[in-house]
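Student: Residue strings, one per chain:
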Amino acid sequence: MSGLYGLVFYMLAAVIVVSTGMAVTRKNQVHAVVYLINSFLGTAVLFYLLGAPLLAALEVIIYAGAIMVLFLFIIMTMGPGVSEPLRLRVRQWVFPSMLGFFCVGAAGLLVFRVRESGDGMPVAMASPAVFGRFVFERYWFAVEIVSLLLFVALVGALYLGKKEDSAAVEIQKDKP
Amino acid sequence: MTVSHGEVIMLGAVLFFMGAVCAVSRRNLIMILIGVEVMLNAAGIALTGASLYWNALDGQAFVLFIMAFAAAEVAVGLALIVYSQRRTSSVNADTYNLMKG
Amino acid sequence: MRTILFLLVFLPLAGALFHILAGRHVSRRVVEIVACSSVAGSFFMALSALPALKQGPLRVIFLRWFEAGDFHAAMDVYYDPLSAVMALMVTFVSALIHVYSVGYMRDDEDYARFFFYLNLFVFCMLVITLADNLVFLFLGWEGVGFCSYALIGFWYRDEANAAAGRKAFLLTRLGDVAFGVALGLVFVLFNRLSISHVNAHAMELTAASATILGLLLLWAAVGKSAQLPLVVWLPDAMAGPTPVSALIHAATMVTAGVYLLMRLFPVVLMSEAALSAIAVVGVLSAFYAACAALAQKDIKRVLAYSTISQLGYMFLAVGAGDVIGSMSFLLSHAFYKALLFLAAGCVIRALHEEHDIFRMGGLRGRLPAVFFLFLAGVLSLGAIPGTGGFINKDRILVAVFSHPDGAFKILWLAAVATSFLTTLYAFRLLFVVFLGRSGQSVEQREIHPMPAVMIRTLWPLAFLALFAGFVNLPAVWGGKEWLAGFLGGVPGTVPHLHVSPGIEWFVAMSDGVVALAAAALAFVLYGPVQATRWRAVFIPAQTVRDFFLSGFYLDRLYQAVLARPYMELARILWLKVDEGALDGGIAASSRTFPLLGSVLRLWTTGRLSTYLLGLLVGLAVMLGLLVIRFYAG
Numbered sequence: 012m013s014g015l016y017g018l019v020f021y022m023l024a025a026v027i028v029v030s031t032g033m034a035v036t037r038k039n040q041v042h043a044v045v046y047l048i049n050s051f052l053g054t055a056v057l058f059y060l061l062g063a064p065l066l067a068a069l070e071v072i073i074y075a076g077a078i079m080v081l082f083l084f085i086i087m088t089m090g091p092g093v094s095e096p097l098r099l100r101v102r103q104w105v106f107p108s109m110l111g112f113f114c115v116g117a118a119g120l121l122v123f124r125v126r127e128s129g130d131g132m133p134v135a136m137a138s139p140a141v142f143g144r145f146v147f148e149r150y151w152f153a154v155e156i157v158s159l160l161l162f163v164a165l166v167g168a169l170y171l172g173k174k175e176d177s178a179a180v181e182i183q184k185d186k187p
Numbered sequence: 157m158t159v160s161h162g163e164v165i166m167l168g169a170v171l172f173f174m175g176a177v178c179a180v181s182r183r184n185l186i187m188i189l190i191g192v193e194v195m196l197n198a199a200g201i202a203l204t205g206a207s208l209y210w211n212a213l214d215g216q217a218f219v220l221f222i223m224a225f226a227a228a229e230v231a232v233g234l235a236l237i238v239y240s241q242r243r244t245s246s247v248n249a250d251t252y253n254l255m256k257g
Numbered sequence: 003m004r005t006i007l008f009l010l011v012f013l014p015l016a017g018a019l020f021h022i023l024a025g026r027h028v029s030r031r032v033v034e035i036v037a038c039s040s041v042a043g044s045f046f047m048a049l050s051a052l053p054a055l056k057q058g059p060l061r062v063i064f065l066r067w068f069e070a071g072d073f074h075a076a077m078d079v080y081y082d083p084l085s086a087v088m089a090l091m092v093t094f095v096s097a098l099i100h101v102y103s104v105g106y107m108r109d110d111e112d113y114a115r116f117f118f119y120l121n122l123f124v125f126c127m128l129v130i131t132l133a134d135n136l137v138f139l140f141l142g143w144e145g146v147g148f149c150s151y152a153l154i155g156f157w158y159r160d161e162a163n164a165a166a167g168r169k170a171f172l173l174t175r176l177g178d179v180a181f182g183v184a185l186g187l188v189f190v191l192f193n194r195l196s197i198s199h200v201n202a203h204a205m206e207l208t209a210a211s212a213t214i215l216g217l218l219l220l221w222a223a224v225g226k227s228a229q230l231p232l233v234v235w236l237p238d239a240m241a242g243p244t245p246v247s248a249l250i251h252a253a254t255m256v257t258a259g260v261y262l263l264m265r266l267f268p269v270v271l272m273s274e275a276a277l278s279a280i281a282v283v284g285v286l287s288a289f290y291a292a293c294a295a296l297a298q299k300d301i302k303r304v305l306a307y308s309t310i311s312q313l314g315y316m317f318l319a320v321g322a323g324d325v326i327g328s329m330s331f332l333l334s335h336a337f338y339k340a341l342l343f344l345a346a347g348c349v350i351r352a353l354h355e356e357h358d359i360f361r362m363g364g365l366r367g368r369l370p371a372v373f374f375l376f377l378a379g380v381l382s383l384g385a386i387p388g389t390g391g392f393i394n395k396d397r398i399l400v401a402v403f404s405h406p407d408g409a410f411k412i413l414w415l416a417a418v419a420t421s422f423l424t425t426l427y428a429f430r431l432l433f434v435v436f437l438g439r440s441g442q443s444v445e446q447r448e449i450h451p452m453p454a455v456m457i458r459t460l461w462p463l464a465f466l467a468l469f470a471g472f473v474n475l476p477a478v479w480g481g482k483e484w485l486a487g488f489l490g491g492v493p494g495t496v497p498h499l500h501v502s503p504g505i506e507w508f509v510a511m512s513d514g515v516v517a518l519a520a521a522a523l524a525f526v527l528y529g530p531v532q533a534t535r536w537r538a539v540f541i542p543a544q545t546v547r548d549f550f551l552s553g554f555y556l557d558r559l560y561q562a563v564l565a566r567p568y569m570e571l572a573r574i575l576w577l578k579v580d581e582g583a584l585d586g587g588i589a590a591s592s593r594t595f596p597l598l599g600s601v602l603r604l605w606t607t608g609r610l611s612t613y614l615l616g617l618l619v620g621l622a623v624m625l626g627l628l629v630i631r632f633y634a635g
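Chains as they are written, first to last, in the working numbering: chain F, 12 to 187; chain B, 157 to 257; chain L, 3 to 635.
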């Protein structure tokens, strides 16, 4: 059993990592977003593997379906615009990449020292009903807060997106 | 039996730092945001793995909230990018350097 | 009695305070009256204190100054015959000169400052004269130095005068260093700073410590009395007003050096080496100054070198062990030198500030009173037989000649030679200024009117100059040596020189012959009829004359050997060390901070990517630290 699950896990990991890698190195923003959608789909399956089916669904709906689509909308709206040059300057990415490698290495050292690998995790599954009950019982306050947060985001986005002259015209109209 | 907890965390770590490098080294504002999204997603993976390890649902609840929050953040962030692109007609992060010391 | 001594010392100080506080707000007449009466008051106090000496010397403490352990500094006086006589002379001459100055400074607007310094000087000089505590004496010692500096540079708007004052101050300061060291040494040796105590216990000194102490005191006296090698300040000090030259640089301050040696004579007496040193310094200075005086052209400079020369005689007398001879010579010299200076002041004023004697001449007819006064002074200076000056010089020569140490005969010969030169230059001065023709016809120049007070004050001085020496007339010629008897009680003095009449006559005759010959030679060379053949023989070549005129080029020597290297060193230390190394070092170290700042400034690019990179770097650092902690800790 662990062998199968392990194999699936590694396949998924490969998909996720490769598509994420492609996503971050594309010059074309649309290509990057599409690769990222791919990565998120892989992540959704991974969530299912790790016993969170609701999260898997939500990952597809919210992350891949809403957020990335929003990205695409904005990219299309803004047009080509002034972007970065075709080839990134070397010194722009060499140092951060080295740092990234170093951090990954450090994380690996830390993880495999503290948590002895070897024993796999028991497989489990949290059904949506159980999960939903859990969230609304334990974290109901956070849910309310998050809904407020979404509302604030809505207001903010609306305000920022308004065209400037129309706002001035409306104020003019209000004067007696 | 599935993989060990450490391996899930490592996956999360690799993804996280890929997103970090993307956020740091790209100059296009959209790409920076994409890097942030990748980081958030990686955190979600790590949390889900931990939830499975500890056999508790708190990790998954946290991922739920992360997703909600990420959505809100992207909405506002993109609105900001559109707004500033309208003002300065540039999505290059280097052009916003009025705070140069 | 205490009150009398207190008034004696502090009346001039009160006058000085009045002048400095109120001098500019009251009328000129008031200032003059206060100045003269304060010093005259001191003189009367000095007179009335005399009878108290019958009970022996007196020690009075005015004020306890400060104390640190055994070190007591107090304002106290020791009134014994020596200081009584000196105080009398100082106050009398000062009072006369104050009155003279009223006339001399009549056209000067700075009279309040002048009388302030003059009164302050008299106070400090009286402190030196009477003080018992060495610290108190040092106060007076420094005080006269300061007043001398201030008065030499009185007309400070002329840079040369200020420079002369500075030079005087610096050179006497060199001597004062020795005084300070001597003060410390006395404290170490005796644990007390009282002169009377030191004199009483001088016998307990070892020869070595007595020598050191004696040499230190000699160096201090050399500075104050302008002997070799600290001699170059006195000729330049003539830049001050003539009354100042008369008071300070003839009668009082320069004699303070010798007076100190006389006051502490029991100490000096314990060391043969110190005595010999004193005598040698004296005779060398006397000879040097007499040579230099022969070639001078400025009337006051002749008198300045003459003062140095006469002071050398006083040093010689002390070195030969004859304090009384030195003291009586000091008194006599004070009178005739002050007289000569003041008379010279009359001449200078009459000829509109003319100082060059070769531009004077034939003044006998125009200023007859001054001529006679000057003649009186010159007679005494030249030690013509029959004057008081001759008696005193004779006593010194006898003391030197009859000194047990045979080497002193050489000193005697030098002293006689100097005597010849002295008379020569004295009469030269007299003849050139008052007789004969001048380079520029004096008849064509108008004589500046002179206040009568300037001449009237000089007659008493003339009388004293000629006859004051007779108070010490030796028994050989029928005198009683009253002064010697009076001073006999002073420790360390030898009242009567016990020599055979034969030696007395021999010395006197030789001295008299020398003096008369010199006078005659001067008359031939410089008199109304100047014999050219004699002149060709006796007057040396121009180079020799320049050598004498500049005082053996001592000034240039000191400049080259001492002053210039010191200035160079100062300049190097200033430019290279202070500005270069210290300032430069501090400036360099201060430059590191902007440097560091500009390095740190690289972070504030204002770009988002830089800050994100910073976050990543921080994260990497934290992870690295964690790794280190887990793997090493």
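Keep in mind the hints are simulated off the structure, nothing from the lab.
Some hints could be false.
Facing chain B, from chain F, some residues (calculated, C-beta under 10 Å) [claimed, not checked]:
no. : residue
1   : V19
2   : I73
3   : V115
4   : P133
5   : L161
Quick reminder that beta carbons are idealized off the backbone N, C-alpha and C, glycines included.
Student: Identify whether the interface hint at F:V19 stands, where standing means a beta carbon of chain B within less than 10 Å of its own.
Tutor: For F:V19, the interface hint holds, since the closest Cβ of chain B sits about 8 Å away, which is under 10 Å.
Student: Does the interface hint hold: is F:I73 within less than 10 Å of chain B, judged Cβ to Cβ?
Tutor: Interface hint status for F:I73: holds (5 Å vs cutoff 10 Å).
Student: Return the status of the interface hint for F:V115: holds when the least beta-carbon distance to chain B is below 10 Å, violated otherwise.
Tutor: holds, 5 Å
Student: Does F:P133 pass the interface hint, meaning its C-beta sits closer than 10 Å to a C-beta of chain B?
Tutor: This interface hint holds because 7 Å falls under the 10 Å limit.
Student: For the hint on F:L161, does the least C-beta distance to chain B fall short of 10 Å?
Tutor: With a minimum Cβ separation of about 5 Å from chain B (threshold 10 Å), the hint on F:L161 holds.
Violated hints: none; the structure is consistent with every hint.
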